[in-house]
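K.L.:
Chains A and B, in that order, give the protein sequences. What the first sequence shows, in my numbering, is residues 27 to 162, in sequence order. What the second sequence shows, in my numbering, is residues 10 to 142, in sequence order.
These are computed hints drawn from the structure, not numbers from a lab. Where a beta carbon is used, it is the ideal one built from N, C-alpha and C, also for glycine. Take these hints with a grain of salt, some might be off.
As the list claims (entries may be wrong) - 30 angstroms max Cα-Cα, derived DSS-like pairs, lysine-lysine:
no.	chain 1	residue 1	chain 2	residue 2
1	A	69	B	127
2	B	43	B	127
3	A	116	B	43
4	A	69	A	117
5	B	43	A	69
6	A	116	A	69
Claimed, not checked - Derived CB-CB ranges, DEER-like:
no.	chain 1	residue 1	chain 2	residue 2	range
7	B	29	A	61	20 to 30 angstroms
8	B	46	A	121	18 to 28 angstroms
9	A	50	B	21	39 to 49 angstroms
10	A	55	B	11	45 to 55 angstroms
What the hints assert, rightly or not - Heads up, incomplete: computed chain B residues facing chain A, CB under 10 angstroms, no partners named:
no.	residue
11	50
12	105
13	108
14	117
15	132
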Amino acid sequence: MRIVTEPVAASHEDHMLPLINIVLLLMVFFMLMGSVSAPSAFKTDPPESESFQHADTASTGLALASDGRLAWDRELIRMSDLESHARIWKKRHEGEVLRISADAAAEADLLLEIMEGLRAAGIERVNLLARNSEDE
Amino acid sequence: MEISLQPARPTRIPLTSLVDVVFILLFFFMLASKQLDWRAIDVNLGPSASIHAVPAPTRNRTLLVLPSGELRSGSRTLRIEAFRSELSNDTGASGRVILVPARGTAVQVVVDVLDQLKATGIEVRLGRLGEVS
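Kindly produce the complete structure, drawing on both the sequences and the hints.
P.N.:
See the structure below:
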């Protein structure tokens, strides 16, 4: 008795499996190592620092541009509206720490004025974002 | 007798469309994600905090941070390294420094000074020009 089995034809797509594996690994790497956040109303270049604690993500609430423009999330605001925005934020994010992304070239006195406004709105702690200087 | 076994046709997932989607996702994460190592400078704004109610200058070292990165204490202007060595020599220091950025001083300059002073372990507060006489 003879049993004839026909071989299964290899698919052309089988050659792509190693490529898919590598691409998937790369994708997982970028997903885990990077952080995706919504863009601010303008680009800020935060100051460099080497000694402060690591921050998990780059998401921010308040952004200060080098020319003094101010944005809460993605909305441009005026200094006079800062306190009302801060009060709303505090109500919605009880117990959270507000993150400020100030441009390295922004005036420090203006940043302190902003912090005073935040304190007047009842915010007691903020995190000023900085980049690790060793990244450069 | 000859028995011819037709191989069971395996169900295949079409890989080409999968690769397309994976490539698109890969490009998205490559372009959209930020790989920077972020640092957070914790600033306490509370009642006992850093940017208000600056105590009397006689009990604290009030330093004006100049745009050049130098520090001015009274009539003296000194670099941060000189101030650090002065701090280490002065064992009777109260252990609190109030940094007041001068007009035009960039955030980066203040962060650099904070970086340097953090290593000394000294308590640092921030004040504004109008608050310190």
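K.L.:
Against each hint, give a clear statement of whether it holds in the structure.
P.N.:
Now for the hints, and whether the structure bears them out:
1. A:69 - B:127: holds (28 angstroms)
2. B:43 - B:127: With Cα atoms ~27 angstroms apart, residue 43 of chain B and residue 127 of chain B stay inside 30 angstroms; holds.
3. A:116 - B:43: holds (27 angstroms)
4. A:69 - A:117: holds (27 angstroms)
5. B:43 - A:69: holds (13 angstroms)
6. A:116 - A:69: holds (25 angstroms)
7. B:29 - A:61: 20 to 30 angstroms: With Cβ atoms ~26 angstroms apart, the hint holds.
8. B:46 - A:121: 18 to 28 angstroms: holds (26 angstroms)
9. A:50 - B:21: 39 to 49 angstroms: Violated, since residue 50 of chain A and residue 21 of chain B (Cβ atoms, about 18 angstroms apart) do not stay within the stated range.
10. A:55 - B:11: 45 to 55 angstroms: Check passed, 54 angstroms falls within 45 to 55 angstroms.
11. 50: holds (4 angstroms)
12. 105: violated (17 angstroms)
13. 108: It holds, given that the least Cβ distance between residue 108 of chain B and chain A is near 9 angstroms, below 10 angstroms.
14. 117: holds (4 angstroms)
15. 132: With a minimum Cβ separation of about 15 angstroms from chain A (threshold 10 angstroms), the hint on residue 132 of chain B is violated.
Of the hints listed earlier, those the structure fails to meet are numbers 9, 12, 15, in rising order.
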